[in-house]
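Take each chain as given, in its own frame, and dock them per the hints.
From first to last, the protein sequence lines are chains A and B.
Counting along the first sequence from 1, when you hit position 194 you're at 194 in my numbering, and nothing is skipped either side.
Counting along the second sequence from 1, when you hit position 214 you're at 214 in my numbering, and nothing is skipped either side.
Just so you know, these hints were derived from the structure itself, not from any lab.
There is no bait here: all hints are sound.
To spell it out: a stretch of chain A is covered by chain B in this simulated footprint if at least three of its residues, at any positions, have a beta carbon under 8 Å from a beta carbon of chain B; those stretches are:
1. 30 to 41
2. 49 to 61
3. 102 to 115
4. 289 to 303
Where is the CB? At the ideal position from N, CA and C, for every residue including glycine.
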Amino acid sequence: MTSQVAGAWRQTLLVSAGRAAAPASRTVAPDLTRRLQLMLAALWLLDAILQFQAVMFTASFARTLGATAHGNPAIVAAPIAWSAKLIAQHAVAADGVFAAIQLLIGLGMAWRPTVRLALSASIAWSLAVWWLGEGLGGLLNGTASPANGAPGAVLLYALLAVLLWPRRQHQQAGCAAAGRTGPQAVRLLWLVLWGGLAGLALAPATAAPGALSKMIAGMSGADPAWLARIDRQVAGLLSHHGPAAALGLAILLAVIAVGIYLPEPVVRPVLALAILTAAALWLAEGFGGILAGTGTDPNSGPLLGLLALAYWPLRQHDPGGSPALATGSPRAASQL
Amino acid sequence: MTGQPWLAATFAVIMIGTAGYCLTRLAVSWRWRRPTDIHVDGMHVAMGVAMAGMLVPRLRLIWAGGWEIIFAVGAGLFAWRMARTASARWARAHHVAHGARAGCQTHDAQHLLGCAAMLYMLVILAPITSRIAVPHSAAPGMPGPAAHSAVPLVLAVALLGCVAWTADRMSSMAPVADLAARQSGLAVRAGATAGSPLAAGAVPAGAPPAGAPPAGAAPAQPVPLSPRLSACCEIATGVTMGYMLITMLT
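Same shape as in the complex, but just chain B (with noise of 0.2 Å):
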């Protein structure tokens, strides 16, 4: 692979403050039990602490073999769970409407896809990974390690579709602020329903400030991590595992 070394060292940045901020995601996951999809997020962080030693060997951090190990795991995951949406929406053909259900799917095969890219570098790259971060290591229009093969390509192509699929479903994701709105209304109205003064629009003695949940109220249910952080974290690594793969070919 071949490249600026500077642009690397930007990538690398990049990558390793995507992989940083899914780890505190998985934490602050874990400590106060807001949802995430910890595949993913575990994902983004294996990919992101490659990567980054990828493009610039000082930062690898895992012995040689291990990443391949850990994103074959990684690919064999999300084709588990592909297979499981696939028979789930089989299932429930008649009662849940599909386009979630595919959504799902489309989801879990693109983390495939990035498994299978990086498990791709990491292979093709091995023998050479000592060339990445020196600068015009071959010539321009030089063939590269992958110059004969048009996988990088036809990989890079997919990758970036689903980048830009990604976006497009980043106008459709609620913001963290409307999703803890939605959480206390329905706190609110699980309250109100069962049985509370507040449902009759009656203002009890002694009522908690505005804000404060009502007496009565529903315990409201965490409110999931941002969805929007997390799609960018997926463009974030989609554009440079794009990248890596274009470089490989010159």
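For reference, chain A alone in the conformation it holds in the complex (with noise of 0.2 Å):
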């Protein structure tokens, strides 16, 4: 008997290991879009188990809300107020569906077949944030700014969301963004958003003395010590050339934003330029307050960095660049 069960565990083990699952599963391998959506995918997956930590049950998530109306018009803030009394009353009710919505959204988004209906969850949930979470990213109570995550992160989600739609079956794009918008559409989608950054970066908010500087301060509060003391460093820095820094960063994002407009050559290094301004924008967030318990999402430098991928040119024959892939039909998939 023992020798029996020794031979079927033996004959299992033969047929297992990798060698069984060959024929069950034909590796698809995703191109340059899938990958953007997957990429995207992980960060709401991200979002929801953030949605989950302890605070975000308390009635405190309700207060920074709630604390996003403030120097809002009426008519932004009344909506803001009545829903954060709302959440403050269901606390462990509301967070909980909050994020379940987003696990969906991302398991929405990583599965092909309900990509479409996830990205479009996904832009109505991110429009509704926007508003209702973020107080429109600050924009109209003159907080915004590029190193506290204007024009608001979500809003960011709801953009890439748009830009990364799959395509039609042998549909050619010059980019990943380019699917369904069209070149024209999504280059002056970048100069806004770029161009609206290097705006905000001389308003008041970011360019009057000792703004940036404090702003950069205030966002270390209860990160890490390692993080904190980068932070301060870096607030220091600035304290006395908060000004003249601002200038700069407007003229970087500025730069950033006619840049996708010149030849392709030189869009590349426009390009991981824009990457790397996204990373440090990200180290002055402070990496979005994950760190320190008390983030909901890792904030616009991510998202940023990710745009930035989505229009990088691709090449004539990308391997994995077929368009069947991208349209998100397991049907494409399957035909490969």
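Below is the structure:
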């Protein structure tokens, strides 16, 4: 009996260890658009997990949301105050629902048959959160700055969902972002976004003496010691050169904004510069407060970087760039 | 680690379900010789039970230090599988399609990462496991056991990336019904080419009813256990592990 059992297991072992999976699945290499969709899905999953943190189930989460109403016009502030009050009354249920929605959006984006549904849901959810959770990113109350996540990280989720919408079969595009929107429209969106950030860098919230320094120092409050030390040093450097730094930042952002219209060989360095700038902004944002346990998303830095990747020019014969794979259709995937 | 007790209990239930299902897969695979990746299923059983015990201390089953050994062995196993796949790919670079081999390697890397994350959690959490199920054991915003390290965040992001990758792969996995149909089709074709009258389209007297294997057909190969459900287990395990790592930050 013992030898029979051992024999059966030996045979099972022989058909296992990867060989059994071979006929059961056909691995499909995703193209750049799909990879970016998967990165976006991973960010949504991260947001869902962050929403599960203990502090989010308390009234302090609702207070944080309610605070975004300050300084906004009444028509914007009233719904924020109403939703914050509602969330405070049902903190546990509301936060559980929020986390579940984000989890479903993330998983839906990652599963090909539901990509379009999840992208649509993410746009609707992002716009609702941009208003009710971020107070329109502080654009109307004068607190928006590239260094604190303007124009609102959640708005960038919606923008990415639009740009990474699955393109039609056999539809060619110069970059992943231009799948459905067209190259002119996506360039205009880039110009408006980065040009807008350049404009915000010159606004008093960033360019006033000491404003940038105070902003960065303020965001390092509950961060781990090593990150708080970096933020304090940066804040110290900027304390006497705030307006000049803001002007430099505005020029850098403006160069990135108009750089998308330059010829392709120059666009790549511009996009690389955009990724580096996004990384620097993310550091200034204290990684969105994730390490301090107060963040519900990683803030705008990673999303700006992802956006720059979506604009990266595609090669003519990208080995993984078959448009069929970017359609999000399981049928298209299985045909390959 | 801090967190809502009901949420920890919910994740623990999901992990117990996952471990139970994977244990069933192993039993079915052994009893009916249905192919499955027993290393992966075995690791899902171990991870499910271990994480349930970490989330709800009453569910702890193994002596202190036992899980560390199991996951260290698991990490070694998947590292070996990765190395084997890489060497096979290198050796057959001109004969084998690259995609499938690269896919297997990614799959092994994912499990290696899972084992590493489990080891990290067990080593960091060991002195403070009693705090796991205590509601608000640390004040919100106060530093947790791993607050001074970005390692949990990096591991969580990598695991969630793997979750997204697995969900993407799921749509290219055939359902079990398709696999069964494919296997029986292969068996019929094998029988037909072996000189059966069925090859010429003739229907012999006393032919078996529809659905039954025709005379002369090769015996059907066992159908693999559902790869999609195995992927679902990976997703459940990855999300739960991500949750545990993030709650270590606060």
